[in-house]
Amino acid sequence: MRIVSSLALLGSAAVASFCAASADAATQGSLGATSTGTVTITATVPNRAQITGLSDISFTNADPSTSASSAQNSCVWSNTATRGYSITASGSGTAGAFTLTSGALAPVPYSVQWAATSGQTSGTALATGTALTGLTSTATRPTCSSGPATSSSLVVSIAATDLQDMVASASYTGTLTLLVTPQ
Amino acid sequence: MKRFQRLTRILGAAALLLIGGAAAAPASAQARINKLSDVAFGTLSNFATDSVQAQSVCAYSLGLLGAYHVTASGSGTGGAFTLGNGAGATLAYEVQWNDSAGQSSGTALTSGSALTGQYSGALLSGCTLGAATTASLIVVIRATAMTTATAGSYSGVLTIILAPN
Chain A
41 MRIVSSLALL
51 GSAAVASFCA
61 ASADAATQGS
71 LGATSTGTVT
81 ITATVPNRAQ
91 ITGLSDISFT
101 NADPSTSASS
111 AQNSCVWSNT
121 ATRGYSITAS
131 GSGTAGAFTL
141 TSGALAPVPY
151 SVQWAATSGQ
161 TSGTALATGT
171 ALTGLTSTAT
181 RPTCSSGPAT
191 SSSLVVSIAA
201 TDLQDMVASA
211 SYTGTLTLLV
221 TPQ
Chain B
-4 MKRFQRLTRI
6 LGAAALLLIG
16 GAAAAPASAQ
26 ARINKLSDVA
36 FGTLSNFATD
46 SVQAQSVCAY
56 SLGLLGAYHV
66 TASGSGTGGA
76 FTLGNGAGAT
86 LAYEVQWNDS
96 AGQSSGTALT
106 SGSALTGQYS
116 GALLSGCTLG
126 AATTASLIVV
136 IRATAMTTAT
146 AGSYSGVLTI
156 ILAPN
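Protein chains in written order, with our numbering: chain A, 41 to 223; chain B, -4 to 160.
Some hints could be false.
What the hints assert, rightly or not - Partial pick of chain B residues on the chain A-facing surface, computed with a CB cut under 10 Å:
| no. | residue |
| --- | --- |
| 1 | A35 |
| 2 | T38 |
| 3 | V52 |
| 4 | N80 |
| 5 | S106 |
| 6 | L110 |
| 7 | S148 |
| 8 | A158 |
Unchecked claim - Covered stretches of chain A, as calculated for chain B (at least 3 residues, CB under 8 Å):
| no. | stretch |
| --- | --- |
| 9 | 66 to 76 |
| 10 | 102 to 112 |
Claimed, not checked - Calculated from the model, a selection of chain A residues having no Cβ within reach of chain B, i.e. all distances over 10 Å:
| no. | residue |
| --- | --- |
| 11 | S132 |
| 12 | S211 |
| 13 | T217 |
These aren't lab readings, by the way, just hints derived from the structure by calculation.
Computed from a predicted structure; not experimentally measured.
All residues carry an ideal CB built from backbone N, CA and C; glycine is no exception.
Can you make the complete structure from the sequences, with help from the hints?
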C-alpha cells in the first residue's frame, strides 16, 4: 500500500492599512557658519507572516494494523509585537476535507495537528477551514534564516481503521494547504 | 569629468554674478541648506526590495568654489539613523548624499561624521537664482531592516548640517 500526500504552503499577510500622514514639518536652514535643517521620516511596517520549510509527506507501505503518523518541523515567522499568528488548514477533499484520493476509490481521511514549537510528534488537532489562534512563534527572521532553524511542528496521521479501508498497492494523494495569518 | 563639469558650473555662476554686479565678497564663509521636505515612505509593502526616497535640496556655500561638507544625525540612540514606534522598537535606515540634484543614490553618510569634498553650484543663498536645487538627499530603508522590524508605524527626525569648507 502506498499513500502519497503532498503539501502546499501558503503564507498570508494582513496588511495594515494605516499610513502615517503628517503635515510637512521639515525645517529649513538659515545662512550661517553652519546651517541646520531637519526632516521627519515616517514609515509603516505592515503585519506579515510566512511559513516555510515544509516537506511533502509520503506514507509508504504503511502497516494497516497501526496508525501511521508523520511529523515535521517548519518555520513560521510573524512580525507582530507578540510574534503571534493563527493557522488554518484545508485539504483537497470535498469542501476542504482532509482526505486522500486514488481515482474512483473511496477517499481516505487523515488528521492534521499543529504545535507552535518544533520537534513535536503531537499537537492541537486542526479542523479544515477553522483557524487555530493564539499561537506564538520563536522565529526572529523570515525563513528562520537566523535564530531558531524551525519554530513549529506539523503532524499528519492516518488512523489504522482508515488504513485498513485502503486498497493495497493503490496510490493515494492529496494536498494540504496551510494558511498562516499574523496576529 | 564630473569635477570639470562642476568647476565649469561654478565659474559660470561666478561670472554671472560679476556681470550682474550682484557679487560681494563674503565677510566669512557661510552656508545654507533649505528646500528640505519630510520623507514619507508610507506602507513598506514589499519586503523583498529596498525602499528609497530621494529629494533634491538647495545646498549653498560660500566656501572656495562652493565647497562644503555635510553632516547628518538621526534621532535614534547616539544619533543613530533609526526610526522608532514609540514602544521601543526601531527601524534602521541609511542616508546618502549627492552634491548634484536629481540623483537617486549618493555617498553613504555615517551619523555625526562629515562628508567632505562637496561642491555647490548655487548662485545665491536659497537657490533663488539659477538652479532651484543643487544636491540630493537620499534615505533608504533596506529590505533586511524591514524584515527585522516589528509591525507598526515608525517616525524619526533626520538632522542635516551644512558647513562651508
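Now the hints, each set against the structure:
no., hint, in the structure
1, A35, "holds (5 Å)"
2, T38, "holds (5 Å)"
3, V52, "holds (8 Å)"
4, N80, "holds (8 Å)"
5, S106, "violated (14 Å)"
6, L110, "violated (14 Å)"
7, S148, "holds (5 Å)"
8, A158, "holds (4 Å)"
9, 66 to 76, "holds (count 11)"
10, 102 to 112, "violated (count 0)"
11, S132, "holds (29 Å)"
12, S211, "holds (37 Å)"
13, T217, "holds (22 Å)"
In summary, the structure is inconsistent with hints 5, 6, 10 from the numbered list given earlier, while agreeing with the others.
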